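Here the protein sequences come in this chain order: A and B.
Positions 1 to 149 (the working numbering) are the ones given, in order, by the first sequence.
Positions 1 to 185 (the working numbering) are the ones given, in order, by the second sequence.
The hints are simulated quantities; they were obtained by calculation from the structure and are not laboratory data.
As the structure is a computational prediction, the values presented were derived from the model and not from experiment.
Where hints are given, some of them may not hold.
What the hints assert, rightly or not - 30 angstroms max Cα-Cα, derived DSSO-like pairs, lysine-lysine: (1) 40(A) to 27(A); (2) 117(A) to 26(B); (3) 40(A) to 117(A); (4) 26(B) to 40(A).
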Amino acid sequence: MALGGFAPLPLRLGGTAEEGITAAQYKRLCADIVAARRVKPFAVIAIDQNSNSPQIVAYRGQNGVGVGDQPTLTWNGAFTVITFANSYRDDRDRIVPMRLTGARGSLAGSSAGGRVKVLHVYESNIVRVAPIDFSGAVLSTATYLVVIR
Amino acid sequence: MTVTPAGLPAWTRTAAIEYYGGHANKANLLGIGAVDSRTDVTAEQIARLSADVASLVRVSPLAVMSVTCNDTSPAAPTVNWIGMMTGVDADGYAGDSPPTGFPTLARTSNGVFTITFSTSLADDYTITAAVDLIGGTGSVSVAAEADVDIAVSDPNADTYNERATVKVWDSSGAVSDATLLIELY
Numbered sequence: 001m002a003l004g005g006f007a008p009l010p011l012r013l014g015g016t017a018e019e020g021i022t023a024a025q026y027k028r029l030c031a032d033i034v035a036a037r038r039v040k041p042f043a044v045i046a047i048d049q050n051s052n053s054p055q056i057v058a059y060r061g062q063n064g065v066g067v068g069d070q071p072t073l074t075w076n077g078a079f080t081v082i083t084f085a086n087s088y089r090d091d092r093d094r095i096v097p098m099r100l101t102g103a104r105g106s107l108a109g110s111s112a113g114g115r116v117k118v119l120h121v122y123e124s125n126i127v128r129v130a131p132i133d134f135s136g137a138v139l140s141t142a143t144y145l146v147v148i149r
Numbered sequence: 001m002t003v004t005p006a007g008l009p010a011w012t013r014t015a016a017i018e019y020y021g022g023h024a025n026k027a028n029l030l031g032i033g034a035v036d037s038r039t040d041v042t043a044e045q046i047a048r049l050s051a052d053v054a055s056l057v058r059v060s061p062l063a064v065m066s067v068t069c070n071d072t073s074p075a076a077p078t079v080n081w082i083g084m085m086t087g088v089d090a091d092g093y094a095g096d097s098p099p100t101g102f103p104t105l106a107r108t109s110n111g112v113f114t115i116t117f118s119t120s121l122a123d124d125y126t127i128t129a130a131v132d133l134i135g136g137t138g139s140v141s142v143a144a145e146a147d148v149d150i151a152v153s154d155p156n157a158d159t160y161n162e163r164a165t166v167k168v169w170d171s172s173g174a175v176s177d178a179t180l181l182i183e184l185y
């Protein structure tokens with residue numbers, strides 16, 4: 001197909017399925033990405049409670065993957081406190097403000113079950129979580145996954 | 001000539017803007033933008049598109065599934081529905097008889113079962129990459145208070161976690177015949 005006088009960008013929509021992108025395909029792509037963006041979590045964090053010295057085992061966030069992009073963890077005596085920055089640097093190296101909207105979690109490999117208690121103040125960047133048994137006692141050696149939104 | 005897609009499949013979590021045509025210094029040729037916004041996609045739009053897609057890929061679950069345990073008449077759990085990065089099976093299947101590319105589910109005991117994926121999966125372009133779970137979350141659909149525990153492991157000792165062990169608990173112990181919604185990352 002002819003790409004017009006401004007190839008390679010702007011991209012001129014059209015052409016064949018093999019060598020182009022049609023306007024209809026691009027509209028579908030845009031709609032699907034916008035839909036996914038509205039509902040995806042901000043981050044997924046695997047945490048080892050580590051005798052109440054909690055550590056991040058794995059971090060996958062919209063801001064990046066791994067140690068350099070992960071939040072800080074502290075233990076306040078009742079909760080693991082996950083603190084995100086108020087902004088982060090995006091893939092285009094721009095600083096973008098950020099506010100969390102909620103969180104949930106599940107235990108991983110507990111001996112007798114329980115759940116992950118979550119305390120989050122809406123639109124703050126601090127999430128407090130605690131792995132607990134069914135009586136409410138903290139499981140100090142638990143591992144668990146937290147999904148942050 | 002057919003091309004090979006840039007980068008690696010989504011579940012490797014290696015997504016970067018460069019996979020999708022992005023670049024930190026992306027520019028329109030000659031600095032000239034769209035001639036007609038109805039027909040043209042600009043460098044600015046590709047830059048935003050690539051950054052958003054990379055962000056979404058990093059946090060998307062590999063698999064979301066509805067599962068019903070079969071404990072009263074012990075059998076492999078039933079997958080009611082499963083959506084994966086590699087495809088969807090809306091018809092469901094018996095956990096010990098998965099369609100190609102979908103995980104195997106095996107009952108361990110009341111309220112306990114495993115979900116095991118192949119060591120590698122293929123994307124829509126047939127590009128393969130290893131499965132490496134970091135964990136999962138779940139919720140259980142029962143009247144009493146109950147919760148789900150999901151631990152990942154490496155059954156073939158290749159340093160990648162292909163298996164999730166799921167336990168459904170309440171305060172009195174394992175919960176039988178539960179129906180769960182599970183997300184695996």
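Broken hints, numbered, in rising order? The structure breaks only hint 2.
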